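Here is how the chains run, residue by residue.
There are 2 protein chains.
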Amino acid sequence: MRAEIIAVGSEMLTPLRVDTNSLFVTERLDEVGVQVRAKVVVGDRREDLAVVLRSALDRADVVVVIGGLGPTEDDVTRDVVADVLGMPLEEHPDLIERIERRFRARGLEMPAINRRQAMVPRGAARLENPNGTAAGLWIEREGRYLVLLPGPPRELEPMFEAVVRDRLAPVTGAARTYRRVLKITGRSESHVDETAQPIYTKWAGVDPTLDTTILAVQGQIELHLSILDTSRERAEERLDRIAGELATALGPAVYSADGRGLEEVVGEMLRTRALRIAVAESCTGGLLASRLTDVAGSSDYLERAVVCYSNRAKTDLLGVPEALIREHGAVSAPVAVAMATGIRDRAGVEIGVGITGIAGPAGGSDAKPVGTVMIAMAFAGGSLVGRHQFIGSRQLIKFQAAQAALDLVRRWMLEEQPDRLETGGTRARPRG
Amino acid sequence: MRAEIIAVGSEMLTPLRVDTNSLFVTERLDEVGVQVRAKVVVGDRREDLAVVLRSALDRADVVVVIGGLGPTEDDVTRDVVADVLGMPLEEHPDLIERIERRFRARGLEMPAINRRQAMVPRGAARLENPNGTAAGLWIEREGRYLVLLPGPPRELEPMFEAVVRDRLAPVTGAARTYRRVLKITGRSESHVDETAQPIYTKWAGVDPTLDTTILAVQGQIELHLSILDTSRERAEERLDRIAGELATALGPAVYSADGRGLEEVVGEMLRTRALRIAVAESCTGGLLASRLTDVAGSSDYLERAVVCYSNRAKTDLLGVPEALIREHGAVSAPVAVAMATGIRDRAGVEIGVGITGIAGPAGGSDAKPVGTVMIAMAFAGGSLVGRHQFIGSRQLIKFQAAQAALDLVRRWMLEEQPDRLETGGTRARPRG
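As they're listed, the protein sequences go chains A and B.
The opening position of the first sequence corresponds to residue 0 in numbering that gives the first Met the number 0, with each subsequent residue numbered one higher.
The opening position of the second sequence corresponds to residue 0 in numbering that gives the first Met the number 0, with each subsequent residue numbered one higher.
Just so you know, these hints were derived from the structure itself, not from any lab.
Take every hint as true, because none was put in to throw you off.
Since the list gives no way to pick out one identical chain from another, each pair is judged satisfied if it fits inside one copy or across any two copies.
Below, a list of computed lysine to any residue pairs in the SDA-like style, where the Cα atoms sit at most 25 Å apart: (1) Lys-182 <-> Trp-202; (2) Lys-182 <-> Thr-71; (3) Lys-182 <-> Ile-112; (4) Lys-201 <-> Thr-71; (5) Lys-367 <-> Glu-99; (6) Lys-182 <-> Ser-392; (7) Lys-367 <-> Arg-105; (8) Lys-367 <-> Leu-107; (9) Lys-182 <-> Thr-19; (10) Lys-182 <-> Gln-394; (11) Lys-201 <-> Glu-10; (12) Lys-367 <-> Arg-103; (13) Lys-182 <-> Pro-151; (14) Lys-367 <-> Asp-406; (15) Lys-367 <-> Glu-154; (16) Lys-182 <-> Pro-70; (17) Lys-367 <-> Phe-102; (18) Lys-182 <-> Pro-14; (19) Lys-367 <-> Gly-385; (20) Lys-201 <-> Asp-257; (21) Lys-201 <-> Ala-111; (22) Lys-182 <-> Glu-72; (23) Lys-182 <-> Leu-107; (24) Lys-201 <-> Glu-72; (25) Lys-182 <-> Asp-73.
In this text the structure is predicted, and so the values were computed from the model without any measurement.
In isolation and in its complexed conformation, chain A is listed as follows (with noise of 0.2 Å):
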């Protein structure tokens, strides 16, 4: 079955508000085998409404329909329904009961307006909701079944787990959709596109139908893979197979297959691996300790980061000569390495990270341009260091400068620190 979800409102055609309802109904409509094929927002106009609606019953077989149920005239949702399907709307007594209950309760009386919300189209179920003042509907019309639900989440969501568990189930048939996304670092679009071509055609023919989408965020790679099946078995093991095959074809580039961020990646192995870790920034500012912090208990294993933007406090913090940067400049290798073993050696800890670079807009030169950025890591027995160029504003600078570090960390570890768990190790924490 196929859905289409129309929110109503016309604050949602400003710059300033996004829908974020539909995601709630997209995932319940998941759930039960329920595709979403199109989302609309339209606003409070009820001849751009009764257009919308009108496409959105020719080709959906579910159509979810989002606010414009209150009381006042702007909310045209009843109105437009009832004169697209030609059901006229009738009062019903009980539901000004029950609204007029709702207001004395708050020792209020209730408006003139709130009549409004006790109109139902002749025909349509009602929807009980217990957070707010308007009913919900449900309409059965040629196989095609319409729901109206009111905007504010905490009346939604009660009232459309409802609607899913006791009308929609019974009728979708046992479908359901299973996903996975792996989540790609180091590697371009087409060149993740080009390795899994092969597999994605290996399974285009194969039922269940495979439907996978790559998607590039802040400079990184998703791969979304998903299956509409009715059995949760075979579908989870056929994820599971694919998600495999792409993750051995891509090699160590794919970091995550449940959705974790690498932040979360690189925290459970250190965790796993009881190392500690320390930071020294200087072009990302504080960005990689914030975003290793944005995880719970990262103060196991992050001892501590310094953003060191002046060479003073490069030399105070980290020990890094000055001839070192007087000779090489504070964007250098030998200054990224000194960096980190610095901040290794002071913290006491067995990674240590450096990170020097420019991240504009001013500050580039011809032989180290806005972009550069040298990444370094320490652990005993040596470091390793890389030169990166990254492109985009200052901010995207700063994110792939971040995230190339924690990618460094976790290479690093998937060879040099196997997890200890299972290869019979101890949790005992080295002593680098």
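Using the hints provided, position chain B relative to the given structure of chain A.
Chain B only, in chain A's frame:
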């Protein structure tokens, strides 16, 4: 003129992603008086996009299609537009060359699939994309305008700016939407609303019509004012006057009337007063430093930052006495002050900031629940410290704490360090 925006991409029909490009597009259309009447999100299926595109072309003067211009099989926008409008696709050799050059500049060879991006419907005008391989397209048909743009914001935004300036502005009428946003911190939504009501009421009957919206974003309040008018001068003068009245009524809680974030406002104030700052963060984990360094040129006033998650780091890096931590706990006013004083002294700057608290979800107690944050500031001759209680997720608590720290510094500068340029002082750097 009325517009419709179509965002193409199956990922925006999942529970994982929402279309936000349309907010930017709406804002730019506003500026040339074009009203968005509907927004649609549709997946990568050709037949679905064709239906949505046909009905948009039926009822809108301007149709903006975002996404689906990439090189992969999923990128169907070019094909569907050519099909719906009956404009055959032609390969543009100079576009291929341009794309090849972009790949070569990164030392890569152009994958064969990228040739798809050089296909252009006959009669369409190309829109230059300085930040990517996907060219945009501009099509005029029977008095209607169709704009095709790539999905990544950094590609879309400059391209749409240019389209509005060079192609849309000349064909729209003289009315434009003018806006002001007042940003407010440290006040509740209802308090701001109550204070603003008399001013709204005063201007309610006056032509041109004032539109207002109050919005709570991450615990901060924004007041949005807009006026649609044919006279720029009249609209701007009116908005300045109303914004001025609101700013007077709300007092120093208003930190920005020009869209700038608090980190930009504070950065500019530091620069004007020739003050330097250093910050010591515990629970905000680097977020304050990262926000300060999101502003270009922040190396002029941010000397250093340290994130001291461990007690040892607080002692090593800031000289916070171990006994003080033992006596009062790491989350305490005396420790926050010691952190602020410690970082100020060691960095040799005028202003030091110290933040220590419990970001959660674990670590709270009855006396200091999750969200308890102590924020201190040290300056020549003294210090300030406050206890805050924030609510929300770990990330939201971090954000609110960073916001409160920036606001503490802002309010101190307003009172103690009035703008030296305005008061006839010099730019000489005070030594604290």
